[in-house]
Amino acid sequence: MNSAPVLHETYGQRLWRHFCADSFARCSLGIVIALFVIAALAPFLANSHAIVRVADGHVTFPIFLSLEPIEWRFLLYVLLAALIYFSRRKFRTQPQRSLGVVFVYIVLVELWLGFSHPFNDPTNDRDRPASFKLLPPVAYSPIETTPDQFVPPTWKHPCGTDSTGRDIAARMLHGARISLSIGFVSQSISLLVGITLGGLAGYYRGWLDIGVSRFVEIIECFPSLLLILVVINFTGSQNNMFCIMAVIGLTSWTGVTRLVRGEFLRLSGQPFTLAAQAVGASDFRVIVRHLLPNALGPILVVATFGVASAILIESSLSFLGFGMQAPTPSWGDILSESRRYIDFAWWLAFFPGLAMLVTIMSYNFVGEGLRDAVDPRLRVK
Amino acid sequence: MTTYLIRRTLLLLPTLFGITLLTFLLIRLAPGNAALLKGGGGENGGRAMTAEVREQTIKLYGLDKDPLSAYVDWIGKVFRLDLGESIVDHRAVATKIGERLPLTISLAGSALILSYLIAIPLGIIAAIKRGQVVDRSISFVVFVLYSIPSFAAALVLILLVAGGDYLNLLPMYGASSINASEMGLFAWVWDRVLHLVLPVICLTYASLSYISRYARVSMLEALGQDFVRTARAKGLPERLVILRHALRNALIPVITVFALELPVLISGAVIIEQIFSLPGMGQLMFQALEARDGPVIMGITTLAAIITLMGYFIADILYVLVDPRISYQ
Numbered sequence: 001m002n003s004a005p006v007l008h009e010t011y012g013q014r015l016w017r018h019f020c021a022d023s024f025a026r027c028s029l030g031i032v033i034a035l036f037v038i039a040a041l042a043p044f045l046a047n048s049h050a051i052v053r054v055a056d057g058h059v060t061f062p063i064f065l066s067l068e069p070i071e072w073r074f075l076l077y078v079l080l081a082a083l084i085y086f087s088r089r090k091f092r093t094q095p096q097r098s099l100g101v102v103f104v105y106i107v108l109v110e111l112w113l114g115f116s117h118p119f120n121d122p123t124n125d126r127d128r129p130a131s132f133k134l135l136p137p138v139a140y141s142p143i144e145t146t147p148d149q150f151v152p153p154t155w156k157h158p159c160g161t162d163s164t165g166r167d168i169a170a171r172m173l174h175g176a177r178i179s180l181s182i183g184f185v186s187q188s189i190s191l192l193v194g195i196t197l198g199g200l201a202g203y204y205r206g207w208l209d210i211g212v213s214r215f216v217e218i219i220e221c222f223p224s225l226l227l228i229l230v231v232i233n234f235t236g237s238q239n240n241m242f243c244i245m246a247v248i249g250l251t252s253w254t255g256v257t258r259l260v261r262g263e264f265l266r267l268s269g270q271p272f273t274l275a276a277q278a279v280g281a282s283d284f285r286v287i288v289r290h291l292l293p294n295a296l297g298p299i300l301v302v303a304t305f306g307v308a309s310a311i312l313i314e315s316s317l318s319f320l321g322f323g324m325q326a327p328t329p330s331w332g333d334i335l336s337e338s339r340r341y342i343d344f345a346w347w348l349a350f351f352p353g354l355a356m357l358v359t360i361m362s363y364n365f366v367g368e369g370l371r372d373a374v375d376p377r378l379r380v381k
Numbered sequence: 001m002t003t004y005l006i007r008r009t010l011l012l013l014p015t016l017f018g019i020t021l022l023t024f025l026l027i028r029l030a031p032g033n034a035a036l037l038k039g040g041g042g043e044n045g046g047r048a049m050t051a052e053v054r055e056q057t058i059k060l061y062g063l064d065k066d067p068l069s070a071y072v073d074w075i076g077k078v079f080r081l082d083l084g085e086s087i088v089d090h091r092a093v094a095t096k097i098g099e100r101l102p103l104t105i106s107l108a109g110s111a112l113i114l115s116y117l118i119a120i121p122l123g124i125i126a127a128i129k130r131g132q133v134v135d136r137s138i139s140f141v142v143f144v145l146y147s148i149p150s151f152a153a154a155l156v157l158i159l160l161v162a163g164g165d166y167l168n169l170l171p172m173y174g175a176s177s178i179n180a181s182e183m184g185l186f187a188w189v190w191d192r193v194l195h196l197v198l199p200v201i202c203l204t205y206a207s208l209s210y211i212s213r214y215a216r217v218s219m220l221e222a223l224g225q226d227f228v229r230t231a232r233a234k235g236l237p238e239r240l241v242i243l244r245h246a247l248r249n250a251l252i253p254v255i256t257v258f259a260l261e262l263p264v265l266i267s268g269a270v271i272i273e274q275i276f277s278l279p280g281m282g283q284l285m286f287q288a289l290e291a292r293d294g295p296v297i298m299g300i301t302t303l304a305a306i307i308t309l310m311g312y313f314i315a316d317i318l319y320v321l322v323d324p325r326i327s328y329q
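One line per chain: the protein sequences are X and U, in this order. Per our numbering, the very first residue in the first sequence carries number 1; after that it's consecutive. Per our numbering, the very first residue in the second sequence carries number 1; after that it's consecutive.
So that you can see chain X by itself, here it is in the shape it has in the complex:
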């Protein structure tokens, strides 16, 4: 199934080749990317305002007026990431100039968002007459209540409506951004803590190592959900997305720490590390330029599984009433509400449950594929 190994293949290329050989992993990566696109475009997929509206000879774009600053930020930064990806060659040839452009872009975006005010227009474009209008696929906004309560899935409401007539499809599309951003931000925090602590412990060993290892052991004794619930409850950070991200990140770094420590212990005795130290490289340089790149594969694997578990934890928290609460759309919150109407409103439980299953499963499959690609010994073949 694998093509013949190519000479002069970089580590990344080899990982990619092995990863792509696994069809489940490939499909799951596709789903993960699709989820990202959905999250980035959520306001354009589900919105009560029209994308383009022509009335009285005027052409307007009402949807852009309704975007919140955070939605603009999300959109513009995703755009920035895409631009960076497509002009990555420029970055290699002219790093300073490219970084300058990125900096100016960020400053402009922030300045503009700082001075602009969102135009809150409570009317919707569904019923407003116009000679031409292009509505988003789901023509409801996630927090908009309508008189149609508990409508089962129909063409108008593909996933039905809830007790206050909010469209579930719109809430789910917008909820995807909460799930994904909490997954990624909290995992970045836990990577930062984990790599720092694990790296220090594995590189310097001695008392530092003993201290860090004990600390990891202590944290791991607490059932994670209990710990998170206690911290969220006592810091009063319910319904505050950044606090929830921080709490999840700060309680889930133990796995990364143990892994990085192990990798660093293994790598720091190897000839290339000794060579770097012998030519006088500073500790920081050895850690960042020599040890970290060599440990990157396994770290990536742990991080992928970590995103899946962070998404799961966030939805558990919302479900239990400790995470994001209505009207903020969150998958866990929709499920939580469904408990009360479970006798008849199956769609309230089914769709968010399915979304969670698909998301978490895709991340787990991607993680599994990565693990097999990183560690060829485990490959079944």
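The set of hints was computed from the structure by calculation and includes no laboratory data. A virtual CB, placed ideally from N, CA and C, is assigned to each residue, including glycine. Any given hint could be a false lead.
To be verified - Far from chain X, by Cβ distances over 12 Å, these chain U residues were calculated:
#	residue
1	169
2	238
3	302
4	307
5	320
6	323
As the list claims (entries may be wrong) - Part of the chain U face toward chain X, derived, beta carbon under 7 Å:
#	residue
7	5
8	9
9	12
10	14
11	15
12	18
13	19
14	158
15	266
Model the placement of chain U on the given structure of chain X, informed by the hints.
Then chain U, alone, in the frame of chain X:
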């Protein structure tokens, strides 16, 4: 061996100390603690307290002491198994937890046993049929199960088999029926079992998938060993090769994962008890969190962490006892 046991036991002490210190710091120094001073607790504490009552409350719970001596006080009591009094109803925390513990233990315990009973055969079959359709389908199903959030599964199961528009085979919530006190012993037990079927299923399937994946890898490793080849070479039937030679060796690491599953099961029980309205430790935890009942929260968190710590300890000891190849230095 004795030296190892002693050393391993001594290693428990710093961790135990860390667990209690962390719990104490979390609850004592958290900013939310101010709410405790203002009234009976969090959101429902709207009633104003007179200065006198507040003084008394502060004194009663040792909140006037500096954190260090308060910690020493608390830990001294913990070692005498006195977890303090609940702020809500002034009953001993140990008693409150004691009432709730059996249900949670039976829930988590039966889930653990059940998942082992199902996971090990699954893992063995997958390992024997490595790479074949059977292996692939088992691995896939197990992986899907692993990714289903337990609360979503619980809701779907309730919808399908407990009440709802479909089947009405099992009770929807609670640990026993309303008229449980009038039942005979057998009827009471049967009623309890019926009430626990769904919660146990929801807790089991996730650990089951984790353990069976672990069992598969472990079995594959054992099947590749020299002694398995020897067993086959001397003409033993394949059944005996697998059950007598490979399985026994493969089981060693699998048995010890139970320690890793303990915190997961406790976390899971918290959610499941909440969904099925079971009066277990998880539900007590929620009531305590809502009322900001510090002593109860501290008690439950410490207890859960100590249970896990004991799990790790037993797993380590078992590992050394069962496998003579491991040097316990």
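Status of the hints after comparison with the structure:
no.: 1; hint: 169; verdict: 15 Å, holds
no.: 2; hint: 238; verdict: 20 Å, holds
no.: 3; hint: 302; verdict: 9 Å, violated
no.: 4; hint: 307; verdict: 9 Å, violated
no.: 5; hint: 320; verdict: 18 Å, holds
no.: 6; hint: 323; verdict: 21 Å, holds
no.: 7; hint: 5; verdict: 18 Å, violated
no.: 8; hint: 9; verdict: 15 Å, violated
no.: 9; hint: 12; verdict: 10 Å, violated
no.: 10; hint: 14; verdict: 6 Å, holds
no.: 11; hint: 15; verdict: 5 Å, holds
no.: 12; hint: 18; verdict: 4 Å, holds
no.: 13; hint: 19; verdict: 6 Å, holds
no.: 14; hint: 158; verdict: 6 Å, holds
no.: 15; hint: 266; verdict: 4 Å, holds
The structure does not agree with the numbered hints 3, 4, 7, 8 and 9 stated previously, though it agrees with the rest.
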